[in-house]
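Peer 1: Chain by chain, the residues run as shown.
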Amino acid sequence: MRWAILSGIEGNLPAYEAVLEDIKRQREKVDELFVIGDSVGLQGDNEATIKRLRAPKPGELNPQVCIGWWEEQCFCLHGLSGLPDAPELVAKHGVEGAEALWKSVSRESVAWMRSCHFGFFESGCLLIHGSTMGYADELTPETPAIQLCDRLIRADANALFCGRSGRTFECWVTPEKLRSTVTTLDEVQEPKEQGKTPRRVVGVGSVGHEPGQASYALYDSVGDEVTFRTVAYGRSKGFG
Amino acid sequence: MKLAVISCIHGNYEALNAVLSDIDDCKADEIYCLGDLVGYGPHPNAVVEMIRSLDIPTSQGCWDEDIVEGLNACECSYPSQLAEQRGRLAHEWTNEVIHPEVREYLATLPMTLKKDNLCFVHGSPNSEHEYLLPSMDGFAALERVMSVDADVLFCGHTHVPYVRNLEEATLAVRVKEPGKGERATQLETPVKKIINAGSVGEPRHGRPNATYVIYDTDTMQVELREVPYDYKLTCEAIIDKGLPPIFAWRLARGMEFAERADDPDHVCQR
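Those protein sequence lines, which keep their order, are chains F and X.
The first sequence: position 59 = 59 (this note's numbering), numbered continuously.
The second sequence: position 85 = 1085 (this note's numbering), numbered continuously.
Here chain F stands alone, though its shape is the one from the complex:
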């Protein structure tokens, strides 16, 4: 099985179209399309993007969509979760950003986003926007190793595909050894040696954040192999 894993369209429909074309062009057929959050944002037409996600063209893959940071900000603005004044959003994009997001996503689209999953668990892989800690948890290659390890253990996954950072990377973490000894009021327990097989965190890039350049990941679940794709679109495409 081959999966295309996307994140961060951020309302940039031309970028999403370019990625869909790239998926179609793949020599080996892609079987599943996952969009792991941030389908909306401030990079274009949110309503048109949601419409496109909800109604793929004949012969196209039906995207499996989960929620991300931007969706959560919509829920805040609509009083569906978190704080209604969306402090995270205002801190990052100002009141103007909050207003732009409010105006660009209809109540019906918010209701649809509310029906999306928090993440997907398939074949030992967790596909999620941030991590099991939350939608805002930003994992990068610079994240401390023990933190990456913790997120993998929490997920009980061999691989964690995430999109919050917008970066493309693979981090293999091998918890090689650890000795743990517990003493209670009644006994000193036998020390336990612990080690685990390698696991990995994969950043799948961002489709719509970087103008003219979309990135995403292809995953071969049989060969356990990740390929990153970068697609130029719009003005930056070709010889310009």
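Hints listed in this document are in silico derivations from the structure and should not be mistaken for laboratory results.
Incorrect hints may appear among the rest.
Computed, partial: chain F to chain X, Cβ under 10 angstroms [claimed, not checked]:
id, residue
1, 51
2, 55
3, 57
4, 120
5, 170
6, 179
7, 185
8, 232
All figures in this text were calculated on a predicted structure; none of them were measured in a lab.
Each residue gets a CB set at the ideal place from its N, CA and C atoms; glycine is no exception.
We have chain F; now place chain X onto it with these hints.
Peer 2: Just chain X now, with coordinates in the frame of chain F:
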């Protein structure tokens, strides 16, 4: 320096007094408290006043938070629906009797306290509601200690004291980024400890005695202390105040009334 660390007093004034006497006998230099001053027990105001009068640095527990913020934890805070109903009754009673200045004080408590390489929390550095059980995955436990840049993490919340040494941890990391090639690093950590202080006022280790810990910062030695006290006085007060009698029953036995959380690693997001 000898530190006494106490936790989960839960309005049990008799137990607190007994533990403070024991701390005196042990000649501890400082006392730290890991919260849950109120809830379940019959003397929440007296307990808070005692802690304040002794100027004991205290981190906020989940019950303290609930009295300040209103009951807002999800069902994950309780091991069963029955336990949730009982907890709700105890919360409502405490909420009614608590003095305004006590509520204000509870609102000022920090989630985390630090002293050099030591960190003091109620549940975990992530949440007052997270249980750091001794059976938790070793690397996940190590992450909790390292996330607060500490060598020793003191916690409570489970009401059962323990010491967990995490030694010789080794993690290998290999990073691949497009256009940047591949790099590998290795992380080795010195000994880290998680010390659960148990519970002064609502012990659940199978005996009714209050529990707490003494930690020597020079030798890194930990002593789990178990202090007998007249728990019957607290049991009587629980009944007299109209709190659920089951609280007295389980206090007399030092147990959590036969219910266990389905998912003790779950972190309440509310």
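Peer 1: All hints, please: hold or fail.
Peer 2: Each hint tested on the structure:
no.	hint	result
1	51	violated, 30 angstroms
2	55	violated, 32 angstroms
3	57	violated, 30 angstroms
4	120	violated, 19 angstroms
5	170	holds, 4 angstroms
6	179	holds, 5 angstroms
7	185	holds, 5 angstroms
8	232	violated, 14 angstroms
Hints 1, 2, 3, 4, 8 from the earlier list are contradicted by this structure; the remaining hints agree with it.
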